[in-house]
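If you want the building blocks of each chain, they are given just below.
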Amino acid sequence: MKRSLLGRIWPNAAALVLALGFVFPVYWMFTTAFKPNGDIITEDPVWFPLHGTFEHFSTAVNAPNFWSLVGNSVTVTVLAVVFSLLIALCGSFAIARMRFKGRKGILLAFMVAQMAPWEVLVISIYMIVRDADMLNSLVPLTFFYMLMVLPFTLLTLRGYVAAVPKELEESAMVDGCTRTQAFVKVIFPLLAPGLMATSLFGFITAWNEFPLVLVLNKEPAKGTLPLWLSQFQSQFGDDWGATMAAASIFALPILVLFLFLQRKAVGGLTAGAVKG
Amino acid sequence: MKRGLIAATAVAGMLVSVAACGSSGSGSAGAESFKGKKLIVWVMDGSNPAQWTKQVAEDFKAKTGATVEFRVQQWNGIQQKLTTALSEDSPPDVVEIGNTQTAAYAKAGALAELGDLKKEIGKDWNESFNKASLVDGKQYALPWYAGNRVVMYNKKIWAQAGIKELPKTRSELFKAFDTIKQKTDAEPLYLPGQNWYFFDGLTIGTGADLVKKQGDKWVSNLGDPKVSKAMDIYKQYQAFSSAPKNKDEATPQQAEIFSKGKTGAIIAMGYEGPTAVKANPAIKDDIGFFPIPGETADKPEGVFLGGSNFAVAGGGQNQELAKEFLKVALSKKNDGQMVKEVGWSPKSPDLADAAKGNPAAEAAAPGAAKSSGTTPLIPEWAQVENTPNPIKNYMTAVLNGKAPADAAKDVEGEINKRLAQKQ
Amino acid sequence: MSVQIEDAVQNPAPRIGKGGAPPPGRRRGTGRAAGKAPYLLLIPALAATAVFLGWPMVRNLVLSFQNLNMKQLIQHLTEWRGFGNYADILGGEQFWRVTVRTIVFTSVNVVLIMVLGVLIGLLLARLGKKMRLVLSVALVLTWAMPVIAATTVFQWLFDARYGIVNWVLDKLGWHSMAHYDWVGSQLSTFFVITVLIVWQSLPFVALNLYAATTTIPKELYEAARMDGAGTWKVFTSVTFPFLKPFFLATTFLEIIWVFKAFPQIFAINEGGPDRLTETLPIYAFTEGVGNLHFGMGAAISLLTIIVLLGMTAYYLRLTLKQEEDEA
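Residue numbers (our numbering), protein chains in the order written: chain F, -14 to 261; chain D, 10 to 432; chain B, 8 to 334.
It is worth saying that the hints were derived from the structure and are not from the lab.
Beta carbons: idealized from backbone N, C-alpha and C, even for Gly.
Any given hint might turn out to be false.
[Unchecked claim] In the EDC-like style, the derived pairs of lysine to aspartate or glutamate whose C-alpha atoms are separated by at most 16 Å in a straight line are:
1. D:K349 to D:D362
2. D:K184 to D:E304
3. D:K269 to F:E204
4. D:K47 to F:E204
5. F:K86 to B:E330
6. D:K411 to B:D281
7. D:K341 to D:E329
8. D:K271 to F:D29
9. D:K426 to B:E330
10. D:K332 to D:E129
11. D:K287 to F:D24
12. D:K269 to F:E40
13. B:K178 to F:E155
14. D:K431 to B:D95
15. F:K170 to F:E155
16. D:K426 to B:D281
17. D:K431 to B:E86
18. D:K287 to F:E40
19. F:K89 to B:E331
20. D:K271 to F:E28
21. D:K426 to B:E100
22. D:K44 to D:D359
23. D:K365 to D:E350
[What the hints assert, rightly or not] Chain B regions said to be covered by chain D (calculated; three or more residues, Cβ under 8 Å):
24. 164 to 173
25. 182 to 191
26. 278 to 287
27. 291 to 301
28. 315 to 325
[To be verified] Stretch-level coverage of chain F by chain D, calculated; a stretch enters the list once three of its residues show a Cβ under 8 Å from a Cβ in chain D:
29. 195 to 201
30. 204 to 216
Based on the provided sequences and hints, a complete structural model is requested.
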């Protein structure tokens, strides 16, 4: 297939401009984290952190309770994602593959559940957790975060499950697999991209959550990282450098996870799309 | 209702301490009964200086045998956090509450009555410091620290402009700004459009009231000519600055702008000096302070006395111990430390000595003593200042050219709605 | 990462045993009646939803009939207001104004996101390997940036005095923009918010669309090209019909996400100037949590769900209808 020179140049040029546009705010976050205070707010922008400093990173990491918060964030996020995947996988299987009474109602319920106004529900949730005497615990946080991502996870996985051709499963069973084996060996790998996609979504949602943990876990060592991240913006003006350093650290796990899963997700998806 | 609740918890607290005395077998409510206990104190980010904190913790331990844990709170979302915390079975024992917020929390029944304690330790406190702790004549908090704005100026730039004497009146100050504008390349003043507490000070200066009573309801009085006059003064100040008209002094932090050495002056709190030095250590020797000059030389400009109170949570489990803590934290020695270390205004005459040697505190003292005030001291007021603060919108609108009366009319509805909200 | 792309590649043909498969590892044989199996599989999801969402929602409904402010919360008082909160909200002008504004705001953003997202997705499909990697990485970086950091950076990019946007415009010769106040008026504030939201949302749509196009059989394209179809024609005759379920599902999600966008709008100007950029979630939060009128906030949040249901009714009905056809 031949294209004119122009036809070959413009997509690349457009892609380059877009890539720069998308990356710039991210670039600004990272570079600001390394700039000394005097270079951060300036009349003329300082494009490169020529006088790089790690001062902001040490401010960020040396904030009180940093490591407890890291532990809490990881625990809550990972558990919330794993639980929601397990629960959603079962549920999505039922909805995608089975016909039963009330199915449509249940489907509708999960679609509507995606619309839940969590920012305002905070106060109801707070009162429930307070009255149950469960404040300052990671347990309620984990379960509420799980539910924030469950509807999306379930509905998305439903699509993936439905996309797995039934014959695959059947032929595996003809080959002598049990149903469990058929599921583990044949269906599960095909669901991999779906599982990755949804776990990533879940991870980001739970990792970023702020309003709920703010009121539920007030003891300093029981919070999560978003509380830590917000502390560099104070009444007396923002510590931009530390905010950006903290944000960079905060973004890192997501970024790594993303770059790791993204390839698998897209790759796996193409593999799964080869039918039958 | 709320009195009932407080009374009930107070009785419960007494029972606990009585029981404790009984078990220790002695009549003294001294160190014995508190030994090994831990008191939780919430302070806001930036409120408690290091030396003061250390000193108070040591004194408290020595006096009561109990320990104190200061939990530093972030500003982001503090209202939700504090309100919910005070509704819990074991709230923080002592909380720092901004003086403009105290009335609302007291009305909500969240705070213990401290009248006796005030009589015991606060006989000589300046009335303007204590006013914000009183609701319906009852004492619901004790003033911890307060400060007022001063002019923080860059000595080098002022010398460059050839200004020899510090201005004593507003017109002299404006003349100085003019000179700086003409003779240097510096910005004479950095003043964003929404430095609302500076504006509040100006209304105190013109004798304006921000709210008035209509029947039995409080309503906005922003349309009052005295308020317009204050706003006009603000506008004259702001004309010397190219700072954004829609931002307040914290975004970006004005002390950091000042630290770059291209700003003649800012209207600042004493603690902003160290902030500037932190951003640029080279600026240290150039920083000076003087009181904001008023219309005439004999009285400094009206200033808002902003600060914080300590309150004891009405539902707290350790109220007696909390009172012991307040006795320690607000002792002459420790109050003096706050003045010396941060530059807060002296709360009582004895503390004047502590202010010497801290130029910011010295510059603040005349304003605090002669012409300070607060925001309207009604419980409904706290709502008005909630984000988005309509008065800040008013300020931006006037600075952008709207007539003060019209701008006041635009935000009046919102202010009245907030003042009328059910408690 | 992809959402419901599979709807597109769903193999409609052989669906053996409409009763569906029994759960893995439990019962053998394909019975027409699935019996209890689907319910057993759904119990964890339903129970969790009932406890961790249903319960707060019921509580929220109850609160919406109460006068619950700082005092009532602290003293654990219950004061009933009947429909008072609803009457106040629906009787005031503000709710209606905010509703209309939210619908317009959501529509504009969703259209922009979908159109630009599709264009970028198609561009990705057209690029060579290296350039595709570059653009994908840029998109992924954008996507991974924490919301709080993104909003902070954007606030700063558009700052009147120290913002890069104004600096660039000034250098490009548009000097009146030198100290332009982006958050001074309703429209320009919305512009900044829209740029932020679109920027954050595009990676999701673009990457998914690209992934989805790779599932379209090559033969379909070749056949269309042989018929002499141009780029636009190929899109309308092959890509779009094939990916229609994807478009519907993504639009549905984007409507929900944009409608519910909270930190972005709140951080840029807290719904200002003069509360003119408040959308329904911000309005509910400001009235409820910000002003400590929790009952009022609860009532607004419930009304908000109704509005959102209205906006997505088409998709909800379509999905349910499809299910019916299949069954």
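Straight-line alpha-carbon gap K271 (chain D) to E28 (chain F), limit 16 Å: holds (11 Å)
Whether chain D covers the stretch 291 to 301 of chain B (at least 3 residues having a Cβ closer than 8 Å to its Cβ atoms): holds (count 6)
Verdict on chain D covering the stretch 278 to 287 of chain B, criterion of 3 CB contacts below 8 Å: holds (count 5)
Given hint E330 (chain B) paired with K426 (chain D) - CA-CA distance at most 16 Å: violated (49 Å)
Pair hint outcome, K431 (chain D) versus D95 (chain B) [Cα-Cα no greater than 16 Å]: holds (12 Å)
Given hint E304 (chain D) paired with K184 (chain D) - CA-CA distance at most 16 Å: holds (13 Å)
Holds or violated: K341 (chain D) to E329 (chain D), with C-alpha atoms at most 16 Å apart: violated (20 Å)
16 Å limit on alpha-carbon distance, applied to hinted pair K287 (chain D) and D24 (chain F): Within the cut-off at roughly 13 Å; holds.
Coverage of the stretch 315 to 325 of chain B by chain D (three or more Cβ within 8 Å): violated (count 0)
Distance restraint between K426 (chain D) and D281 (chain B), which requires alpha-carbon spacing of 16 Å or less: Judged against 16 Å, a Cα distance of about 14 Å means the pair holds.
Hinted pair K411 (chain D) and D281 (chain B), Cα distance within 16 Å: Distance of about 14 Å is within 16 Å: holds.
16 Å Cα cutoff - pair K269 (chain D), E40 (chain F): Distance of about 19 Å is beyond 16 Å: violated.
Checked against the numbered hints above, the structure violates hints 3, 7, 9, 12, 13, 22 and 28; every other hint is satisfied.
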